[in-house]
Each structure stands twice: as C-alpha cells, then as structure tokens.
Amino acid sequence: MALYALVDANNFYASCEKIFDPALADTPLVVLSNNDGCIVARSAEAKALGIPMGAPMHQWRAFCDAHGVIRKSSNYTLYGDMSARMLSILQDMCPQVESYSIDESFLDLSGYADARAYGQLIRQRLQQNIKITCGVGIGATKTLAKFANHLAKKQPEFAGVCQLSADTPARTRELMATYPVAEVWGVGRQLSARLQADGVATVLDLARCDPLAIQQRYGIVLAKTVRELRGEPCLTFDEVGRPKQQIIASRSFGTTLTDFNAIKAAISHHLSRAAEKLRAQQSQCAHVYVLLRTNPFREQDAQYRRTMLVPLPHASADTGVLMAAALRGLKQIFVPGLRYHKCGVMLAEISPMGQQQSDLFAPIDDPKRLRLMGLMDRINRDQGAGTLQFASTQLSSAWHMRTDNRSPRYTTCWDELPIAYA
Amino acid sequence: MNSIIGKPIIPFVRRRFAFFDALIPAGFPSPAADYVQNTIDLHERLIHNAAATFFVRASGDSMRDAGIVDGSVLVVDASRPPVSGHIVVACLDGKYVVKRLRHSQGRVELHSENSLTPYPVLRPSTDLQIFGVVTSHIVEHLKKPRKG
Numbered sequence: 000m001a002l003y004a005l006v007d008a009n010n011f012y013a014s015c016e017k018i019f020d021p022a023l024a025d026t027p028l029v030v031l032s033n034n035d036g037c038i039v040a041r042s043a044e045a046k047a048l049g050i051p052m053g054a055p056m057h058q059w060r061a062f063c064d065a066h067g068v069i070r071k072s073s074n075y076t077l078y079g080d081m082s083a084r085m086l087s088i089l090q091d092m093c094p095q096v097e098s099y100s101i102d103e104s105f106l107d108l109s110g111y112a113d114a115r116a117y118g119q120l121i122r123q124r125l126q127q128n129i130k131i132t133c134g135v136g137i138g139a140t141k142t143l144a145k146f147a148n149h150l151a152k153k154q155p156e157f158a159g160v161c162q163l164s165a166d167t168p169a170r171t172r173e174l175m176a177t178y179p180v181a182e183v184w185g186v187g188r189q190l191s192a193r194l195q196a197d198g199v200a201t202v203l204d205l206a207r208c209d210p211l212a213i214q215q216r217y218g219i220v221l222a223k224t225v226r227e228l229r230g231e232p233c234l235t236f237d238e239v240g241r242p243k244q245q246i247i248a249s250r251s252f253g254t255t256l257t258d259f260n261a262i263k264a265a266i267s268h269h270l271s272r273a274a275e276k277l278r279a280q281q282s283q284c285a286h287v288y289v290l291l292r293t294n295p296f297r298e299q300d301a302q303y304r305r306t307m308l309v310p311l312p313h314a315s316a317d318t319g320v321l322m323a324a325a326l327r328g329l330k331q332i333f334v335p336g337l338r339y340h341k342c343g344v345m346l347a348e349i350s351p352m353g354q355q356q357s358d359l360f361a362p363i364d365d366p367k368r369l370r371l372m373g374l375m376d377r378i379n380r381d382q383g384a385g386t387l388q389f390a391s392t393q394l395s396s397a398w399h400m401r402t403d404n405r406s407p408r409y410t411t412c413w414d415e416l417p418i419a420y421a
Numbered sequence: 000m001n002s003i004i005g006k007p008i009i010p011f012v013r014r015r016f017a018f019f020d021a022l023i024p025a026g027f028p029s030p031a032a033d034y035v036q037n038t039i040d041l042h043e044r045l046i047h048n049a050a051a052t053f054f055v056r057a058s059g060d061s062m063r064d065a066g067i068v069d070g071s072v073l074v075v076d077a078s079r080p081p082v083s084g085h086i087v088v089a090c091l092d093g094k095y096v097v098k099r100l101r102h103s104q105g106r107v108e109l110h111s112e113n114s115l116t117p118y119p120v121l122r123p124s125t126d127l128q129i130f131g132v133v134t135s136h137i138v139e140h141l142k143k144p145r146k147g
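Residue numbers (numbering that gives the first Met the number 0), protein chains in the order written: chain D, 0 to 421; chain V, 0 to 147.
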C-alpha cells in the first residue's frame with residue numbers, strides 16, 4: 000500500500016531569521032514581502048499577537064512598534080540555502096522526495112515498517128542538523144498526508160508527527176469531523192463557501208460525498224480530492240529534478256516606475272535569469288509571456304494589468320531570441336504615463352533542448368549560439384551571477400528591490416557570517 | 000606523440016588543481032603523469048556533513064590557546080553530537096559563544112583557553128543549547144588578492 004509523508008517546516012522564513020541571531024529567540028518577528036510591502040511570514044510569537052498573514056505593513060507598523068515586533072525584509076538567499084539543506088537531508092533519508100515548495104516536501108514512505116517512528120527521526124534530524132522544526136503528516140494519499148500535517152501542527156499531542164492510518168479508521172473519521180472543509184488541500188475560500196451551502200461542512204462530510212456527484216457539480220479536481228480523502232491515490236508523485244513546465248521570473252520594483260527603459264532593464268534581467276534556468280534543466284521553450292502591472296493597493300493610481308504571450312517562430316533556449324520576443328511583447332503592452340509596480344516573464348511550452356520539431360522545415364537553435372549561452376552560464380556560475388549580461392539589463396537599476404531590513408546572508412557570503420564570541 | 004610538423008606535443012596534464020605536478024621534459028612524457036589523479040579539495044577534507052555544516056566567525060581572544068584567534072572562521076558541524084572535550088558553539092544569553100565543553104560532576108561547563116588572560120568558567124544555569132561542534136577553524140594570514 001502506498002504511504003506518503005508531507006514534511007513541512009514551521010514558520011520557515013521566520014525560523015531562518017532566528018537561527019543565526021539567538022537574541023531574537025523569543026521575540027515576535029515578521030518577514031516582509033519584496034519591497035517590504037506585506038507580511039509574508041510570522042514567527043510563533045507574532046502569530047500569537049494576532050498579526051494576520053499577508054497584512055499590508057503600513058497598516059500594522061504602529062502595532063508592531065508597540066509590541067516590539069522585529070521586521071525583516073525577505074532574505075531569499077538565506078531561505079533558499081536553508082531550503083536546499085533541508086531537501087538534501089530528506090533525500091539522504093528517503094530515496095523518493097518531491098520538493099513541493101520552498102519549505103515542504105512529499106516523501107514516498109511506501110514499504111516503511113514504522114512510518115510514524117521514521118517521521119520522528121526525520122523531525123529530529125532536521126531539528127539537530129539545521130535547527131528547523133518541522134511537522135510531519137503521513138497518510139495513504141498526498142491529500143491525507145497534507146491533512147495529517149495540519150493535525151501534527153495544530154494538536155500538540157501528536158508531538159509533530161501525525162499518521163492517519165488505515166488501521167484506525169474510527170480515529171481518522173473522528174479527526175476529520177473536527178476540522179472544517181476549508182482545511183482540505185486545494186479547497187479554497189470560495190469553494191468551501193459553496194460546499195458549506197451544499198451542507199458539506201467538515202472534512203469528513205467531504206470524504207463521505209459521492210465522487211461522481213462531486214465531479215458533476217464541482218468538476219474532476221474536487222472529485223479526485225474526495226477519492227484521495229478516502230485513501231485512493233489520485234495525485235502522482237513528481238520527483239525532484241523533473242523539468243519544470245513553466246519558468247517564471249518576476250518581482251515588484253523598488254519604487255513605482257514610469258520610464259520605459261527602466262522597465263526594459265527589469266524585463267531583461269528577469270528574462271536572463273529565466274533563460275539560465277531553462278538551459279540548466281536542458282530545455283527550450285516556445286512561448287514567452289510578458290507581465291506588467293500597476294500597484295493594486297494604490298487606489299488613487301490608474302490601474303493597469305496586462306499579460307502578453309509572444310509565441311516564438313521555433314522553440315529556443317537562446318537568451319538573444321527570447322529577449323527579442325520579450326522586449327517586443329513589452330513594447331506592445333507598455334502604456335506611457337502609468338505608475339508601474341511589477342513586471343516579469345514566464346517561459347512556457349517547454350520541451351527538451353534540441354528536440355525535433357513537428358515541422359521538418361522549422362529552424363532550430365544555432366549550435367554555435369547555444370555554445371555561447373553555455374559559456375555565458377558557466378562564467379556567471381563561476382564568477383558570480385550577472386558577471387556577463389545582455390546590454391539591455393544595464394539600462395537602469397531603478398527597478399531593484401527595496402530591502403531595508405534584510406538580515407545578513409549568513410550561510411552564503413564570507414563577509415556576512417554569523418558571529419560566535421570567544 | 001608527434002604533430003604533423005614534427006614538434007612533440009606536450010601530453011595533457013590537468014594542472015590547475017593538481018597536488019603533484021612536474022615540468023614535462025620536451026620529447027618525453029612525464030614519468031609523473033601517471034600518478035596525477037587526485038586533487039586536494041579542502042572542502043572534502045573539512046566538511047563532514049555539508050547540509051549540517053555552517054561557517055561562523057569567531058570574535059575575541061578567549062580561545063587563543065586552541066588556535067582560535069579573533070576573526071577565525073569556525074567550521075561548525077551541527078549534526079555531530081557534542082561530548083565533553085569538544086569545542087562547541089553554544090547559545091548563551093542571546094549570543095553565540097565558542098568554548099570548550101566540559102562535563103564535570105554531572106554539570107555542563109564552558110571553558111576558555113587563554114593562558115595570558117584568565118576567563119571565568121561558564122556554568123549555564125538552564126539547559127545549554129548547543130548549535131554545533133567546531134571541527135576545524137581557518138585563519139587567513141593574507142587575504143586573497145582581487146583579480147585585475
């Protein structure tokens with residue numbers, strides 16, 4: 000029988016911030032989004048103060064000052080490194096790991112004799128080795144593992160590891176009956192409102208629904224969820240390292256931008272990074288999307304939001320080809336006189352590099368150009384990101400992020416190491 | 000061995016990181032060439048468990064007799080269970096300290112090692128949180144010059 004575990008770090012960003020600065024151990028702390036706009040992570044102490052997730056910082060500044068809440072700009076270099084360490088430890092402990100997000104991974108524990116004990120071991124190892132506390136949820140499907148993970152975090156008696164076992168169905172039903180349907184993976188606020196109107200209030204109610212009836216009324220996705228809640232695996236296991244089907248690079252600007260060249264520089268930067276990732280996974284893409292929008296929180300400003308798809312004449316991994324497409328798209332959606340807040344690119348229709356085109360006469364990437372790209376990637380890897388750039392990324396640096404309270408890059412930068420007093 | 004214009008071609012030896020290397024006499028293959036296989040990799044030697052290893056900067060002189068001076072880079076392995084006699088990075092009063100761990104009559108002590116200046120032995124009252132064990136430290140006598 001299949002058995003999945005979901006390992007999920009508690010308050011991951013906030014924990015990363017605290018590890019290297021023990022003075023913050025019991026202090027409430029929040030991490031802010033790019034440009035310090037919203038609260039994207041809270042420590043346990045900050046949660047206890049009632050600070051909500053996603054709250055705009057400007058509304059909570061006075062409250063944070065009054066309660067001594069430490070504010071940190073997001074430090075993705077640090078979180079990314081700690082996440083890679085976490086994944087590497089999990090991969091050492093289990094041959095099949097799917098990294099689901101920066102702080103969550105699914106493990107395939109099928110065939111493990113005592114999965115709960117192994118969950119405890121995983122938890123202890125992460126605690127000891129990287130000082131990150133995790134919850135572990137175990138179940139016969141990914142949806143059950145996700146729900147079990149929620150229980151592991153909410154109910155202290157589980158000591159961080161909860162298994163919904165097929166051997167104790169009464170206990171599983173009892174737990175399912177005590178949680179609202181909104182706690183089920185993939186059931187959002189809107190869907191749970193509809194379900195409740197139909198009389199489906201708890202997780203157990205949903206598990207007891209007829210999958211076929213659900214499929215007719217709500218669609219195939221929720222029908223799969225119902226099957227999964229009943230212990231029937233419907234979601235496949237995507238192992239780590241499988242090429243991604245979309246690559247996105249986007250970011251808010253440090254300030255609002257109106258200048259075309261500044262936005263062009265930002266798009267060029269994002270595209271260079273995305274193309275690098277594309278080549279790193281040995282892929283090419285056929286679609287380039289360009290995204291541009293104003294700040295929806297600035298209600299006084301004229302609002303604008305556009306995404307433009309630029310299909311390529313042939314699938315490519317050449318930064319030059321992708322860049323030309325992205326900048327062509329940007330020219331079309333850019334409207335002068337607006338105050339822009341965010342832009343980005345997305346690469347889609349991804350296929351393995353050099354794959355034969357369906358059209359025999361379609362051109363393919365020039366091998367010489369691909370060698371040049373490979374060289375550029377290697378130089379940027381060895382000498383530091385951005386050593387070699389396309390000229391358009393240098394047009395302006397006005398778009399860079401605001402990170403006023405960023406902590407040191409403790410684990411990746413020689414000049415920013417944590418201190419121990421001798 | 001011979002190129003078309005009759006000049007000997009120097010056999011390719013990976014030189015950049017070679018531990019043992021020799022100049023190659025023109026015309027003869029280097030007798031050492033067969034032995035050049037491994038390169039010295041400090042990382043491989045000093046990092047026992049990469050995912051659990053952190054670099055920490057030492058500040059202060061209380062551990063100078065152990066060779067740790069102000070500015071030393073400590074290689075800290077958080078996965079290693081600390082035992083009496085290890086040098087550890089521990090959390091004390093909201094700060095990390097680097098000291099020698101001693102178990103004495105069932106109590107945990109943190110000792111300094113500096114024969115010139117006496118430092119008191121620290122006896123933490125509550126449970127001591129140990130971040131990790133110092134497996135080695137690095138002192139740079141000259142900074143790497145910048146290129147260009």
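To be clear, the hints were calculated from the coordinates, so they are not data collected in a lab. Please note that the accuracy of each hint is not assured.
[Claimed, not checked] Just a few of them, taken from the derived set where beta-carbon distance is under 10 Å, the chain D residues facing chain V:
id	residue
1	Ile18
2	Asp20
3	Pro94
4	Glu97
[Claimed, not checked] Think about it this way: if two alpha-carbon atoms lie no more than 30 Å apart in a straight line, the pair counts; the simulated DSBU-like pairs of lysine-lysine are:
id	chain 1	residue 1	chain 2	residue 2
5	D	Lys223	D	Lys130
6	D	Lys46	V	Lys94
7	D	Lys330	D	Lys367
8	D	Lys46	D	Lys152
9	D	Lys153	D	Lys46
10	V	Lys146	V	Lys94
11	D	Lys152	V	Lys94
12	V	Lys94	D	Lys130
13	D	Lys276	D	Lys330
14	V	Lys146	D	Lys276
15	D	Lys130	D	Lys152
No experiment lies behind these values; they were computed from the predicted model shown. C-beta: ideal position from N, C-alpha, C; glycine also.
Cross-check of the supplied hints:
A hinted interface residue such as Ile18 of chain D counts as satisfied when its beta carbon comes closer than 10 Å to some beta carbon of chain V; here the least separation is about 8 Å, so the hint holds. The interface hint given for Asp20 of chain D is met, as the beta carbon of that residue sits about 9 Å from the closest beta carbon of chain V, less than 10 Å. Here the hint on Pro94 of chain D is broken, as its CB sits about 16 Å from the closest CB of chain V, past 10 Å. With 10 Å as the threshold, the beta carbon of Glu97 of chain D stays out of range of chain V, its nearest partner Cβ sitting at about 18 Å, so the hint is violated.
The suggested pairing of Lys223 of chain D with Lys130 of chain D is violated, with an alpha-carbon distance near 36 Å, which exceeds 30 Å. Between the alpha carbons of Lys46 of chain D and Lys94 of chain V the distance comes to roughly 24 Å, so the proposed pair stays at or under 30 Å and holds. Among the hinted pairs, Lys330 of chain D with Lys367 of chain D is consistent with the structure: their alpha-carbon atoms are about 29 Å apart, no more than 30 Å. Restraint check for Lys46 of chain D and Lys152 of chain D: the C-alpha separation of about 14 Å stays at or below 30 Å, so the hint holds.
Pair hint Lys153 of chain D plus Lys46 of chain D holds up; C-alpha atoms about 13 Å apart against a cutoff of 30 Å. For the given pair, Lys146 of chain V sits about 36 Å from Lys94 of chain V by alpha-carbon distance, which is inconsistent with the 30 Å threshold. With a C-alpha separation of about 29 Å, the suggested pairing of Lys152 of chain D with Lys94 of chain V holds against the 30 Å cut-off. Taken as a hint, the Lys94 of chain V and Lys130 of chain D pair is honoured in the structure, with Cα atoms around 16 Å apart against an allowance of 30 Å.
A hinted pair counts as satisfied when its Cα atoms are at most 30 Å apart, and Lys276 of chain D with Lys330 of chain D qualifies at roughly 24 Å. In summary, the hint linking Lys146 of chain V to Lys276 of chain D is supported, as the alpha carbons are separated by about 28 Å, within the 30 Å threshold. For the suggested pair Lys130 of chain D and Lys152 of chain D, the alpha carbons sit about 17 Å apart, so the restraint of at most 30 Å is met.
Consistency note: the structure conflicts with the earlier hints numbered 3, 4, 5 and 10.
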